[in-house]
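**Student:** Here's the letter readout for the chains.
There are 2 protein chains.
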Amino acid sequence: MPQKVRIALDAMGGDVGASVVIPGAAISLSRHPDSEYLLFGNQAQIEPELAKHPALKAVSKVIHTDVAVGNDDKPSQALRRTRRASSMWLAIDAVKHGEADVAVSAGNTGALMAMGRLNLRTLPGIDRPALAAVWPTLRGDSVVLDLGATIGGDAHHLVALAVMGSAMASVLFNIERPTVGLLNIGEEEIKGHEEIREAAEMLRALPDINYIGFVEGDGIGKGRADVIVSEGFSGNIALKTAEGTARQMFELLREAIGSSWISRIGYLLARGAFRKLRDKLDPNKSNGGLLLGLKGVVVKSHGGVNMEGFAYAVDVGYEMAHYDLLTKINQMLNRDGGALKSAQTAQEAVS
Amino acid sequence: MPQKVRIALDAMGGDVGASVVIPGAAISLSRHPDSEYLLFGNQAQIEPELAKHPALKAVSKVIHTDVAVGNDDKPSQALRRTRRASSMWLAIDAVKHGEADVAVSAGNTGALMAMGRLNLRTLPGIDRPALAAVWPTLRGDSVVLDLGATIGGDAHHLVALAVMGSAMASVLFNIERPTVGLLNIGEEEIKGHEEIREAAEMLRALPDINYIGFVEGDGIGKGRADVIVSEGFSGNIALKTAEGTARQMFELLREAIGSSWISRIGYLLARGAFRKLRDKLDPNKSNGGLLLGLKGVVVKSHGGVNMEGFAYAVDVGYEMAHYDLLTKINQMLNRDGGALKSAQTAQEAVS
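Residue numbers (our numbering), protein chains in the order written: chain A, 29 to 379; chain B, 29 to 379.
Chain A extracted, bound-state conformation (with noise of 0.2 Å):
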């Protein structure tokens, strides 16, 4: 790839906008010499951060709008609002017009995807968008959709899941055929809903597919493949009890050692351990949610995340569009295509 990449960046989104978001663009940066930027959001705030990164500066471009979606805005609030003027709308737009390869945000979820396919549109062969992370696993990491962005959906919808979540992981994570599994609550074929048993026929026919089976709740932390595909509804309450657990823990561990002088001294000693299990599920380190589906790459960062979170976010960006993951999802859609569309004619045919 001989020229940069470009990252539009919503400067306002997120808890702390542009004091996060530009010194996150920076290190990102750091990392990949050949990004340049477009920042959008308000210039008075974006100028000063933007002043004590010079290299970041003389790669980037400030756009400027002071509209920005609000944090709790509901998607149709921040449509009706913000449309053609927000920062989260201008940056995504620049993806659209091809002046950017990807936009990143850390602003609320619900408006980015209402934004993403209103202006972006759906990729052919795809009804709707999927959110995509990276979740780490004993055995490394995993991709694992849909985190909430539809729910429900058919045996199509689950195998369309299956297509792009294992084109992100194979240019994520650099493997020609990443294993994929189905999620369901028992591993014999005979368990779960009608549309995950078809769905899992169904890629057990797809030769771009390296279908391995049904994966059970445990088995995403214990990394039985490398994407986990679900429905939104149970893909959002399995990210969040997980999230919710690791929280937990980590209380009870507190407390635990802070109710003793000799387990405190104790800690003391071991806290290079701790701070090593903390690094490896902190979720500024595996941050970057994907939207995929759409015609265009949009990366969704946690809203709380620190510089360093951010940063992620913007290396899952330039990742995504060096290597070039909406030619490869298209690749394997239109090669998979056929199954994917008998598969949609079935459906309509019986509903």
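Note that these hints are calculated values from the structure, not bench results.
Accuracy of the hints is not assured; some may be wrong.
For chains that are exact copies, the list does not tell them apart, and a pair is met inside one copy or across any two.
[Claimed, not checked] No more than 20 Å apart at the CA atoms, straight line, and that leaves these computed lysine to aspartate or glutamate pairs for DMTMM-like:
(1) 80 - 100
(2) 102 - 216
(3) 102 - 215
(4) 89 - 101
(5) 304 - 216
(6) 124 - 236
Given the structure of chain A, go ahead and fit chain B onto it with the hints provided.
**Tutor:** Structure of chain B alone, referenced to chain A:
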């Protein structure tokens, strides 16, 4: 309650059978001297274990059968092969015929549910049974259901789960009006499946239910409500994902600690704290899932527990029988029966 609590035990269930079930019962008996036991299973395996526990032997009656449900039997197989003969069936049958107040088995969940449903039948107003368990949270314990007994379900089903879970929490935690939340992918009223929103409306109208709103996956571990209600698919995904995350964290902690001598010394000093944490999250300590919705109380113990773990499952059975869970559920179903019945009719009318 002047009478003793009569507990029917499937002595052949679980990974190890009588060698865990009998000592487990002995431990529970020491905590609840007003209980007596019917022990179903192979006499040749039960008697030697029983000989080691004279106090238990004194209040137990052994009923011999050499038929046992296999751990990997499918429910249909188990029914066909061992109905009316297996230790599991006979323990449930004792409840049906009023010879025992509760049955406890560490055997195969699917078979236990199928036998429970076929032999005990469901309560009036309940279509399908549910599996409920105690979930350790940062705020104490919560009841979570359904953990996978039935997949999907309409608003009426969710309301029935809320009523039964509420009765269970009230008996188990000794609270008058336990708080009840519906598991969902957002806390706002607009989120989630249609049936969850409809269930929320219905629950708000029920005087017996202390409904507090939607709870996200991470709200379970935070202890956001005393009772968390979900249909069985998402409930099972949440449970297994939490178990997987906890195991993953222990694994990573062990790894991190083993990585340097100084951390190992620190660990030795802080090991009391670690033990406390492990105890708090030990599945043996929150063992005892309840099959709810049947005309009788059936407790499902994990198959892989030790004797302490099985004792906890027997404790749960004792509590449920002693405080008469079934009457409590029936009272609530009767009081709230109007709402349940009208919802059911509405559902049938449109389907």
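**Student:** Each of the hints needs a verdict: does it hold here or not?
**Tutor:** Tested hints:
1. 80 - 100: Neither: 30 Å inside a copy, 64 Å across copies.
2. 102 - 216: This pair counts as between: shortest inter-copy Cα distance 10 Å, intra-copy 40 Å.
3. 102 - 215: For residue 102 and residue 215, only the inter-copy Cα distance (13 Å) is at most 20 Å; the intra-copy one is 38 Å.
4. 89 - 101: So residue 89 and residue 101 fail the 20 Å test inside a copy (28 Å) and across (65 Å) alike.
5. 304 - 216: The answer is neither: 36 Å in one copy and 36 Å across copies each exceed 20 Å.
6. 124 - 236: neither (28 Å within a copy, 54 Å between copies)
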